[in-house]
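**Q** Chain by chain, the residues run as shown.
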Amino acid sequence: MSEHVIDDDTIDNIEILAKLSLTDEERLQAKADLSEMLSYIDRLNELDTQGVEPMSHVFKVSNVFREDVVTNGDGSADTLSNAPARKDGMYQVPRTFEE
Amino acid sequence: MEIKDMTAVGLSAGIRSGETSVREALDCVLKSISENEDRIHAYVTLEEPEKLYKEAEIIQKKIDDGSLKGPLSGVPIAVKDNMCLAGMPTTCSSKILENFHSTYTAEAVRRLKDAGVLILGKTNMDEFAMGSTTETSAFGPTRNPRNPDHVPGGSSGGSAAAVAAGECFGALGSDTGGSIREPASFCGVTGLKPTYGTVSRYGLVAYGSSLDQIGPLARDVTDCAAILSVISGHDPKDSTSLERKDTDFLSCLNEGIRGMKIGIPKAYFGAGLDQEVGDAVLKAASEMKSLGAEVSEFDLDYTDYAVPCYYTIADAEASSNLERFDGIKYGYRAKDYEGLHDMYKKTRSQGFGPEVRRRIMLGSFILSSGYYDAYYLKALRVKALIRKAFDKAFSGFDLILGPAAPNTAPLLGTSLSDPLKMYLGDIYTVPANLAGLPGIVLPCGTDAKGLPVGVQLMADCFSENKLLRAAYAYEESQKAAGRKCSGCRE
Numbered sequence: 131m132s133e134h135v136i137d138d139d140t141i142d143n144i145e146i147l148a149k150l151s152l153t154d155e156e157r158l159q160a161k162a163d164l165s166e167m168l169s170y171i172d173r174l175n176e177l178d179t180q181g182v183e184p185m186s187h188v189f190k191v192s193n194v195f196r197e198d199v200v201t202n203g204d205g206s207a208d209t210l211s212n213a214p215a216r217k218d219g220m221y222q223v224p225r226t227f228e229e
Numbered sequence: 002m003e004i005k006d007m008t009a010v011g012l013s014a015g016i017r018s019g020e021t022s023v024r025e026a027l028d029c030v031l032k033s034i035s036e037n038e039d040r041i042h043a044y045v046t047l048e049e050p051e052k053l054y055k056e057a058e059i060i061q062k063k064i065d066d067g068s069l070k071g072p073l074s075g076v077p078i079a080v081k082d083n084m085c086l087a088g089m090p091t092t093c094s095s096k097i098l099e100n101f102h103s104t105y106t107a108e109a110v111r112r113l114k115d116a117g118v119l120i121l122g123k124t125n126m127d128e129f130a131m132g133s134t135t136e137t138s139a140f141g142p143t144r145n146p147r148n149p150d151h152v153p154g155g156s157s158g159g160s161a162a163a164v165a166a167g168e169c170f171g172a173l174g175s176d177t178g179g180s181i182r183e184p185a186s187f188c189g190v191t192g193l194k195p196t197y198g199t200v201s202r203y204g205l206v207a208y209g210s211s212l213d214q215i216g217p218l219a220r221d222v223t224d225c226a227a228i229l230s231v232i233s234g235h236d237p238k239d240s241t242s243l244e245r246k247d248t249d250f251l252s253c254l255n256e257g258i259r260g261m262k263i264g265i266p267k268a269y270f271g272a273g274l275d276q277e278v279g280d281a282v283l284k285a286a287s288e289m290k291s292l293g294a295e296v297s298e299f300d301l302d303y304t305d306y307a308v309p310c311y312y313t314i315a316d317a318e319a320s321s322n323l324e325r326f327d328g329i330k331y332g333y334r335a336k337d338y339e340g341l342h343d344m345y346k347k348t349r350s351q352g353f354g355p356e357v358r359r360r361i362m363l364g365s366f367i368l369s370s371g372y373y374d375a376y377y378l379k380a381l382r383v384k385a386l387i388r389k390a391f392d393k394a395f396s397g398f399d400l401i402l403g404p405a406a407p408n409t410a411p412l413l414g415t416s417l418s419d420p421l422k423m424y425l426g427d428i429y430t431v432p433a434n435l436a437g438l439p440g441i442v443l444p445c446g447t448d449a450k451g452l453p454v455g456v457q458l459m460a461d462c463f464s465e466n467k468l469l470r471a472a473y474a475y476e477e478s479q480k481a482a483g484r485k486c487s488g489c490r491e
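Going down the list, the protein sequences come from chains X and E.
When we follow the numbering used here, the leftmost residue of the first sequence carries the number 131, and every step to the right adds one.
When we follow the numbering used here, the leftmost residue of the second sequence carries the number 2, and every step to the right adds one.
Just so you know, these hints were derived from the structure itself, not from any lab.
All values reported here derive from a predicted model rather than from experimental measurement.
Where hints are given, some of them may not hold.
Said to hold, decoys possible - Computed, partial: chain E to chain X, Cβ under 8 angstroms:
| hint | residue |
| --- | --- |
| 1 | 31 |
| 2 | 102 |
| 3 | 198 |
| 4 | 240 |
| 5 | 299 |
| 6 | 329 |
| 7 | 341 |
| 8 | 346 |
| 9 | 363 |
| 10 | 383 |
| 11 | 395 |
| 12 | 397 |
| 13 | 413 |
| 14 | 414 |
Unchecked claim - Every beta carbon over 12 angstroms from chain E, so not counted as near; a handful from chain X, in silico:
| hint | residue |
| --- | --- |
| 15 | 133 |
| 16 | 148 |
| 17 | 218 |
As the list claims (entries may be wrong) - Not everything, but these chain X residues come out facing chain E in the computed CB check (under 10 angstroms):
| hint | residue |
| --- | --- |
| 18 | 147 |
| 19 | 154 |
| 20 | 159 |
| 21 | 163 |
| 22 | 187 |
| 23 | 193 |
| 24 | 198 |
| 25 | 200 |
| 26 | 219 |
| 27 | 222 |
Every residue gets a Cβ at the ideal spot worked out from N, C-alpha and C, and that includes glycine.
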């Protein structure tokens, strides 16, 4: 097994991609966990997959289209009732742009 | 026979013949819940008893006037808490969805309700179905009814435990990498993962979308077949739903096992497999042989690559699917934050548990620029090889037989400290998800501690009937030999 060293820059990038913020202790744990898992996953490289098509779906499926017709009723009030913050029938979010 | 010892299909027949009633069936499960639930903790949310009795009355009326005749009408059934049921919370056993109320009903659950099933509530699970023990639940673990010091398995541990404890007459689970079959094995019940696309995923909270399937956990093979018959079939609301017409899984049961070719992968019985588990599973194989099946060993290629392939794909899909939990549209939002991005990060860090965060991080890395080809595409290529190995196997065999897990249920509190070791326990179940195959697990014995051992049968895609025929024949032979059926309680 090859050794994967996960550096601080990699963890910073993962925090951005995963939208998570880690404490110092969690960072250390994440480095160890990722390193162990990536070394384990590396065993897939023992297999020669030259010329093998990646299989994303087990059956041959293509996009499924339908007419854009509304079949359900107006569920906006119910849907909005699950939002942690709402105002005037809309989702309320923190300020997105600085003034 | 007392109601508590009936199967779902037997109970419904009794209700329809007037021998018993929906109300009595409900009395029976509620009694069992009040006796066991404090100890077992199979449920996250139970429907209020008054509502259940009201619903029971409505179902009884429809049975009495002949508008409900199906083999599950009147039967109280539980649903894993990652399937939506309008008006009820759907938490996925996560803090991030603690306050979420479903605004619509999952297609599989809707079909059960249409068939006259009484939905009791939502069962505990590993958080977002990520785990093999139900210990990653934010609401505390479920205990194994066969021995409460042990885990029930996972992620559908609440469903398996509810069936084993008689807290329902059957349950829905979901299976992304073994989450129906492993808890069925640990709790001594019968569980089936259908061919990918057989049951609609509409209303199932997504984990690994290319792998997720809903299926039954039940007291016996017939109940599994009856539940599957009700929940399967094409659904335009799920674009991966198959146009499948052969969704009667009951009428095949008596066709027997004679002449079926059953292959046993040699690699499934190597290092890592507990001796007692291996012995019990091979004993089941030899009993199937004595019932007329042709049983032989063979080499199944790529066995050792299924787990790393699975975790690459599942975690990649999970990291993408779980992006939606952002503290805006539903669920938990952190209290103190500075701006939008800080809110996202704090909400998700506080709302997700350690195992979910671990998988999101690995998945995010795998899909990131520079690593996507090396990890994600590589895994999809290996998946194609694994599928090909099964194609080869099923050109010679009707069924593949093996264990469901390398061991019986571990003690509570002993699994989460070493995630990789826990993942390796999925070696017998993840191949069916990667290749889209159906698999069934049913009890075949116990270890020295009295913990159940399950035997797994896998079939080629669309061949659930073969699984069910063979499993039923084996189960009948066990009943004839005086061994208790899978759901019958001590």
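**Q** Hint by hint, which ones does the structure fall short of?
**A** Going through the list in order, the structure violates hints 1, 5, 11, 12, 13, 14, 16, 19, 24, 25, 26 and respects the others.
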